[in-house]
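Trainee: Per the UniProt record's numbering, residue 1 is the first one in the sequence shown, and the count goes up by one each step.
There's no promise every hint is true.
Ranges of calculated distance between the beta carbons of each label pair, as one might list FRET restraints [claimed, not checked]:
| no. | residue 1 | residue 2 | range |
| --- | --- | --- | --- |
| 1 | Ala112 | Asp47 | 42 to 50 Å |
| 2 | Glu62 | Arg28 | 17 to 25 Å |
| 3 | Ser123 | Ser49 | 17 to 25 Å |
| 4 | Arg23 | Ala127 | 37 to 45 Å |
| 5 | Glu108 | Ala164 | 16 to 24 Å |
Distance condition first, Cα-Cα at most 20 Å in a straight line; then the derived DMTMM-like pairs of lysine to aspartate or glutamate [what the hints assert, rightly or not]:
| no. | residue 1 | residue 2 |
| --- | --- | --- |
| 6 | Lys50 | Glu20 |
| 7 | Lys50 | Glu67 |
| 8 | Lys102 | Glu84 |
Just so you know, these hints were derived from the structure itself, not from any lab.
No residue lacks a Cβ here, since even glycine has one placed at the ideal position from N, Cα and C.
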Amino acid sequence: MSGENAPSMGEEWREQRENESTRDRLYRVALQLTEPTRVRAIAERADVSKETARDYLQWFAELGVVEQTNTSPDEFTRNEQYFEWRRIERLRSQPEEALRAKLEDLTEQERAYRDRFDVENPSDVDALKHGDYTGVEDVWEAVQAWRTVRRRIRELERARQSRADDAPAHA
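Put together the whole structure using the sequences plus the hints.
Mentor: Structural data, given as structure tokens:
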């Protein structure tokens, strides 16, 4: 296929979106709701009517995927606890050795961040102390990465503990 006949990226994206079901479009949008968002805005992003969006969002809320944060006007946000639970469930399905290796790697990364910033918690980092005015953004990116490492450590530990709690007791 020559480059002249290849569909543009925009055309491919539009085609893919047109072939998505209403539920899938709304689910994709729901995954991005990091702050309370009105049904009207969600409907526009998913290219559906407000009524359709509201029906699916209420169903997603019943499933725990989103939370309704306001009723007048209706607003929804993604349920972070649901996604944490899903990540932990996926981790539980991995072999113990893989979890242990990931935990060791992440623990080492966490230790490196503590050493780099000379504090115990990411929230204690003084960005100006660790970077000049132009380097503050790099420090904040590192702090965010540190928070992600800590979240992953917590999730790995919860997955391992949950697996241990589910194991049959030996008599």
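Trainee: None of the hints should be skipped; say for each whether it holds.
Mentor: Do the hints match the structure? See the list:
1. Ala112 - Asp47: 42 to 50 Å: Cβ of Ala112 to Cβ of Asp47: about 45 Å, so the range 42 to 50 Å holds.
2. Glu62 - Arg28: 17 to 25 Å: holds (19 Å)
3. Ser123 - Ser49: 17 to 25 Å: With a Cβ separation near 43 Å, Ser123 and Ser49 fall outside 17 to 25 Å, so the hint is violated.
4. Arg23 - Ala127: 37 to 45 Å: With Cβ atoms ~42 Å apart, the hint holds.
5. Glu108 - Ala164: 16 to 24 Å: Given about 23 Å between the Cβ atoms, the range holds.
6. Lys50 - Glu20: The hint holds at about 18 Å.
7. Lys50 - Glu67: holds (17 Å)
8. Lys102 - Glu84: holds (17 Å)
Going through the hint list in order, the structure does not satisfy hint 3, though it satisfies all others.
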